[in-house]
Amino acid sequence: MKRVYVNEKWCLGCHLCEYYCAFASTGGKDMALVLKDIEISPRIRIEEMDGISFAVSCRHCDEPFCVKGCITGALSKNDGIITIDKEKCIGCYTCVLSCPYGAVQPSDDGAIQKCELCIKTHAGVPQCVLGCPNGAIVFEERGA
Amino acid sequence: MAVNYIYPEYEVVRNYDRCIACRVCERQCANEVHEYLKDIKKMVADDSKCVNCHRCVSLCPTRALKIVKTDHTFKENANWSGKSIQEIYKQAEGGGVLLSSMGNPEKYPVYFDKILLNASQVTNPSIDPLREPMETKVLLGSKAQNIERDENGRIKKVMPPHVELSVPVMFSAMSYGSISYNAHESLARAASELGILYNTGEGGLHEDFYKYGKNTIVQVASGRFGVHKAYLNSSAAIEIKMGQGAKPGIGGHLPGAKIVGDISKTRMIPEGSDAISPAPHHDIYSIEDLRQLVFSLKEATGYTKPVIVKIAAVHNVSAIASGIARSGADIIAIDGFRGGTGAAPTRIRDHVGLPIELALASVDKRLRDEGIRNNVSLVVAGSIRSSADVVKAVALGADAVYIGTAALIALGCHLCRSCHTGKCNWGIATQKEELVKRLNPNLGYKRLVNLITAWKHEIKEMMGGMGINSIEALKGNRLMLRGVGLNEKELEILGIKHAGE
Amino acid sequence: MREGMFRNLSGCAVSGIFSKSGKRFSGELIIDSISVMHERSNGLGGGFAGYGIYPEYKDFYAFHMFYDNFAAKKECEEFLERHFDIINLSKIPTRKVPQIKDEPLIWRYFVTPLPTKLASSQLDEREFVVKCVFRINTSIKGAYVFSSGKNMGVFKAMGYPEDVGRFYRLEEYEGYCFTAHGRYPTNTPGWWGGAHPFALLDYSVVHNGEISSYDANRRSIEMYGYKCTLQTDTEVITYIIDYLNRKKGLTLKEVCSVIAAPFWSTIERKPQEEREELEFLRSTFDSLLITGPFSIIVGFEGGLMALNDRLKLRSMVVGEKDDMFYVASEEAAIRVIQNDLDRVWSPKGGEGVIITLEKGKS
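Chains as they are written, first to last, in our numbering: chain A, 1 to 144; chain B, 1 to 501; chain C, 1 to 362.
Misleading hints may appear alongside valid ones.
Keeping only pairs whose Cα atoms sit at most 25 Å apart, straight-line, the calculated BS3-like set for lysine-lysine is [claimed, not checked]: (1) C:Lys-248 with B:Lys-156; (2) A:Lys-29 with B:Lys-66; (3) B:Lys-137 with B:Lys-157; (4) C:Lys-247 with B:Lys-143; (5) C:Lys-248 with B:Lys-157.
Not the full set, but computed from the structure, chain A residues with beta-carbon under 7 Å of chain B [stated by the list, open to error]: (6) Trp-10; (7) Cys-14; (8) Leu-16; (9) Tyr-19; (10) Met-31; (11) Asn-134.
Covered by chain C, per the in silico footprint, the following chain B stretches (three or more residues, Cβ under 8 Å) [stated by the list, open to error]: (12) 116 to 128; (13) 335 to 344; (14) 473 to 482.
Treat the hints as calculated values from the structure; they're not laboratory data. We put the CB at the ideal spot given by N, CA and C, even for glycine.
Please model the entire structure based on the sequences and the hints provided.
Below is the structure:
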């Protein structure tokens with residue numbers, strides 16, 4: 001199963017992944033038009049302190065607390081990817097609270113949002129990976 | 001300052017319609033050109049700090065930035081250029097020697113651009129490299145001078161020490177210190193994967209890189225930094241650096257500020273002390289002294305490694321090369337006046353030396369006239385920009401070329417020529433940790449491998465067109481070259497005919 | 001403009017006949033062979049080399065000369081007299097053939113170096129002769145030595161090879177080996193010296209092809225004292241063979257491994273001993289590798305070598321019948337003189353076929 005992995009050694013803290021992520025979820029054509037004058041709300045976020053930085057997004061855990069805790073079945077794991085069914089989500093935020101990585105966030109567009117590996121917008125090609133200038137975010141198979 | 005004599009050379013042009021204030025420009029500019037003004041939620045730029053390295057331009061996700069040359073101008077003057085005037089302002093202000101980086105950017109003729117290649121038509125078939133073998137492998141080193149046979153009449157296969165390259169291109173000397181650890185790692189890994197060599201420069205060899213030894217040329221320069229027996233023996237070849245094309249006759253100076261941590265350890269000098277490479281080797285004041293160093297190094301390595309002597313192309317280069325060819329060296333490297341550098345006095349860089357094309361042609365001819373061309377291999381450097389330059393250099397007589405600047409460009413360098421500031425935004429010519437990490441060697445080495453692989457394909461295409469299927473048949477094959485727009489003297493020195501002849 | 005002032009690219013026909021037993025046969029046979037390949041020439045050059053043709057003078061160098069005029073002849077003869085003992089001199093017998101015109105003065109000298117001159121030169125005899133040949137060809141205007149071996153001779157002219165053969169009365173010579181060349185140059189050579197075979201001492205080369213490595217080879221071989229005055233492939237190939245075989249002492253098989261070296265990928269697959277030898281030869285003489293199309297027939301004292309470039313970009317067929325060995329650009333040129341062959345085959349690219357006289361025969 002290919003996953004997004006990050007390597008803080010190469011993370012420059014440039015935050016570009018956040019912008020590529022935010023843009024990816026809009027399905028828009030031109031980032032300048034879509035993200036102009038808005039506060040972005042990406043599904044991947046850079047954590048940084050004391051010169052160390054790295055990107056955090058959903059790890060699609062083998063035993064996902066978010067899925068277990070979801071009271072409506074809006075979150076489910078299919079083919080290794082944890083996805084949201086927005087029709088079912090009632091916005092209880094149990095998932096937001098239970099994710100140990102803070103990778104599930106409240107959303108302006110529906111109740112919650114999380115990384116779905118761009119399967120809904122870019123045929124499963126994570127845009128944060130493509131947009132990382134230094135190979136700090138990779139999308140690869142690393143075994144179980 | 002009350003009077004601003006210097007007007008910024010470049011202007012940062014921001015298209016506010018496209019800027020989304022993601023601040024990547026601000027975060028990525030080590031020169032602190034960009035700034036986000038929170039109150040007005042707007043990015044602004046201080047042009048005066050910009051070195052035109054394009055880091056911000058390349059990373060801007062909305063293509064909102066470009067850098068343009070300012071149209072601010074002095075009164076037109078064919079003699080006193082704006083550049084000349086500004087340089088006087090700078091020196092009048094600071095009282096110092098002007099410093100520059102990378103190769104000579106001035107308008108001297110680029111002979112490679114005035115040479116055209118041949119191709120086969122009718123009388124001789126061109127060869128398709130996709131269908132037929134096309135050999136680019138070269139061996140560098142001196143040739144066996146005599147054929148000796150054993151008692152059964154079989155040839156004794158005693159070859160002088162040599163190195164093998166899959167393609168006649170090597171990465172030229174760039175020291176650990178002048179470039180970053182990650183740049184070095186990228187070069188070493190790429191050389192290893194490509195079956196070519198990279199060169200440590202005068203900075204010693206970091207212990208992590210000993211494992212790439214068989215793809216490493218270790219350099220011995222006038223400061224002798226980082227030279228010890230294990231260093232010499234770890235290598236594929238040893239290079240004595242007598243000079244550098246960017247600054248013939250000038251030594252080197254790596255400021256103490258850069259001599260930190262591993263660099264100090266690798267160079268074997270105390271942290272914080274300036275690393276000063278003297279202009280000459282103080283044990284080489286003449287050709288016979290060079291011979292002694294060549295043989296000292298051979299003794300130290302049991303005569304197992306070829307010794308390269310690298311010189312800058314200067315006016316009497318052919319006589320010097322001829323002397324070196326008789327001094328035990330196996331390979332002569334000649335660095336033309338467009339060769340790069342991490343820092344050089346501007347006047348030296350821009351006004352001393354020779355174009356490599358002329359130096360190469362005259363050295364190759366002289367060595368042949370004297371019948372000693374096979375004593376040595378010839379490697380040339382000093383602005384080899386493409387595979388076409390490689391092919392032309394080989395046809396003029398080179399065994400192989402060194403590329404420095406081209407390799408750095410592959411790693412991201414945008415030739416802003418500000419290496420001497422130590423704030424390379426691309427993580428190449430810097431030792432600042434947060435900048436060094438911008439060059440991920442996992443990506444960097446792959447880009448170098450891609451570049452040389454692409455060149456190799458192109459070299460094969462050009463050779464095939466000429467009906468040549470082995471690079472040695474191209475070496476010195478000057479009939480494959482024609483000059484365009486060159487005068488009689490230039491053609492004579494290059495040893496080529498004019499196009500149409 | 002004449003040959004030597006420009007690079008003249010040629011297509012060609014080549015042919016060779018060799019008697020391994022040393023049995024001498026008439027030059028008629030080689031004319032028959034080469035004339036079949038008339039279409040491969042364009043009348044701008046033809047020639048022959050014969051071996052074993054001067055048994056009565058076999059210990060003397062036979063110099064065949066072209067002179068543009070009598071002044072050149074006089075100057076050259078003075079030079080020869082200063083350096084050699086001239087045993088015999090004569091015009092080379094020719095007959096009038098309508099197709100062959102504008103002939104120069106064609107003379108033959110049987111010579112041996114003056115012992116005192118040879119001793120003071122500190123050269124071995126053959127090197128002394130080579131030096132003298134170069135001296136004449138480069139410094140005596142209008143004089144040209146086109147054959148300089150012992151018990152062998154080159155006969156060449158402007159014209160189709162069959163006409164050239166009749167012009168030189170080749171049928172009157174008998175030898176154990178003949179080679180022939182019909183030339184298809186892209187430019188007019190302007191003089192007879194440009195025709196082939198090209199010879200130095202007893203090495204003679206006929207060649208079909210255009211080598212792409214020409215200038216690399218030329219500049220390399222000139223480093224060893226050779227002067228390529230004709231700018232032809234054949235000239236440079238002859239010098240390379242002379243250098244490697246005579247001066248460096250390589251066997252002809254080893255010479256093939258230099259000039260038509262196997263690809264590195266082929267070398268890598270060889271057993272260690274052979275691999276090391278091939279690596280050594282290829283790297284030691286890297287600039288003598290010949291690329292581009294060629295098929296060559298090299299005549300030398302007591303032997304013949306046929307060789308193709310390593311991609312075999314030119315045709316060449318060899319055949320055998322009893323003690324006779326045949327080689328030609330086309331099989332037809334062999335069949336026309338011997339249709340009943342024991343064996344006929346196309347040697348692979350880079351694979352030299354070397355034939356020598358059986359022991360004790362000459």
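Check your understanding: Which earlier hints can't be squared with this structure?
Key -> 13
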